[in-house]
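**Q** In case you want the letters, here they are:
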Amino acid sequence: MITYLEAIRLAQQKALATDSRVFLYGQDIGVFGGAFKATKNLSKEFPGRVIDAPISEDAIVGMAIGAAIEGARPIVEMQFADFSTCALNQIVNHAGTLYYRTGVPCPIVVRLPSGGTSGGGPFHSQSMEAIYSHWPGLIVVTPATVEDAYSMLLEAVNIDDPVIFCEHKFLYYHLKAEALPETSLPIGKARIARQGRDATIVTHGAMLHESLAAAKELEEDGFELEVVDLRSVKPLDTDTVLASVARTGRLLCVSEEWPWGGVTSEVIARVSSEGFGLLDVAPMRVNAKDTPVPYHPDLWSVHRPTASTIAAAARRLLQT
Amino acid sequence: MSKPSERVTESDYLKAYRIMLTSRIVEEKLASLYRAGMIKGGVFLGRGQEALSVSAGINLHRGDIFAPLIRDQAGRLAFGDTVLDTLRTYLGSQLGSMRGRDGNIHRGRPRDGYYAMISHLGAMIPAVAGGLLAKRLSGEQGFVGATCIGDGGTSTGAFHEGLNAAAVDNLPLVVVVANNQYAYSTPNSRQYACSDLLDKAAGYGIAGHKTDGTNLLDCLQTLRKAVASARSGAGPQLVVASLLRLVGHGEHDDFSYLDKTLKQSPVGSDCLLLAEQHIIDQGWDTKDELAKWKRDIEEEINTTADRVRREPPPDPEEDDWEALSRAEYREQHTSP
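Line order of the protein sequences matches chains A and B. The numbering used here numbers the first residue of the first sequence as -10 and each following residue consecutively. The numbering used here numbers the first residue of the second sequence as 3 and each following residue consecutively.
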């Protein structure tokens, strides 16, 4: 069985093996194999191309940008997504502006080990997809399955533009697949993860699995929920979302991010402005609470959306 | 490739002087266009920094990387930028390298190793370092990269991170610091507490070079040595030049905060006038001949400016308003 984490390692291995322009740069990723072992053994297999970086997130991304200008295809690892704020300037002001300003694309991949895990606390748990989606010039992906972790990372390396790859730490070990995919949907296409006729849940990342569990719970009450896995939040596959809402008339957006200006706000804004007539009732959303991510498991498990809070919201949506 | 011991010849000196003079005259033209309200954004001049800047650009060649900063008109021209593209970018011509999407000093041609600075100071140091790393990984040899910054920029985190990371990988990077005494209005006494910015080199484990930024010969020799050291594998080189910014931060700035005693001190001399005097003293050329150079360059720049002013501005209808190169990944539903 292949875990989500191993799929990320194997995608990097394949990228290194098939494209001599690819190199990896990040903290502890060399001989040590990375904080999560996403680069285990790769420095041995590809000598000189899996490079340890000092604790300098800004310089790590800055160097990736320069390398990309010179024709390389760097994949950089932020040890935790949370630390990417230290590289924010290079990501949004340099990588994100390069093509528009100069006509020279910036093919870098920034891997962000994202989202909460039990005991992670305020600085090792954050979901950054909305803030990177706010700036122009960046592609932001949020694979929710083992298959997508693999195929979307390989696709990301081949894209000439900067890709923020939000891989979810909660899925690293317990999400498993029999085999790696041969083909996949392209980045920018959402996937109907579960079909249903009564309401649409739009979600991404680890919340896909909480949403699917909630849908299963409501199935026992006779409700059929459709679940849309966005896969990439920028570009956002509005067509697939609108088509689903056209079938169900009800929309619930679920995200592990904070509520203000997040993916749920964007999806609701688009459906409200482009598909208002498709809605039978006002759309709803479930987000993390608007506090820093708490450390203690008893607090954390309530801070984030879970299958039961999603199911409760879905019931309210279905009753209106 | 130059050897560090190689003497700066008369022809090297005259070539550098001519670029300095061109830089000074094009900047005077920009200032006059600014006062006439013809420049689309700000104007930031390198007056007093031409000797240092030209010395950085002139020691690089094709295959090298150069990331100039705001006061590097001379270095840009030395590296291959043109008066034409300078004027196009400032005057907002659609034909300029930035097509009106960015302006003034934020221009470049990254494919030619001429990086386009972002305004966030220090950011270009790791970018050049990364370009050098990629060249090394692809098997290229004998290349070098240089970038320029001021005293104020040395206080940024990006400066520290970039220089440290470049040192760890022993990259052939030359960082040229123009210690021009002010960061906008902030004097050095409020910028750093070390006795000499050159002391920072020891902290990163890299070589440091001191130079007199008012003296073209000293700048040319120092940069030649620093670039050659980096090129030969000696790792990053930090060059610190003492000089005075002879104008305000930008043309909007009256420079009222200038400590007048600095003008009378050794850093306050005008490098262009000193270089002109040196040429005359050496008997390499006469005052009259240099005055003719000046008239010829002025005429060329005026002609170019007149031409650029007739060029079309960017057309909002023609801009594709897309920030991604790959069409299939662009948002389809973001119309405001």
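Calculated directly from the structure, the hints in this document are not laboratory data. On a predicted model such as this, the values are computed, not experimentally measured, just so you know. Don't take every hint at face value.
To be verified - Calculated cross-link-like contacts (lysine to aspartate or glutamate; reagent style EDC-like; alpha-carbon spacing at most 16 Å): (1) Lys178/A x Glu301/B; (2) Lys26/A x Asp8/A; (3) Lys178/A x Glu333/B; (4) Lys296/B x Glu30/B; (5) Lys205/A x Asp187/A.
**Q** For each hint, tell me whether it holds in the structure or not.
**A** Checked hints:
1. Lys178/A x Glu301/B: 58 Å, violated
2. Lys26/A x Asp8/A: With a Cα-Cα distance of about 22 Å, the restraint between lysine 26/A and aspartate 8/A is violated, given a limit of 16 Å.
3. Lys178/A x Glu333/B: 11 Å, holds
4. Lys296/B x Glu30/B: 12 Å, holds
5. Lys205/A x Asp187/A: 13 Å, holds
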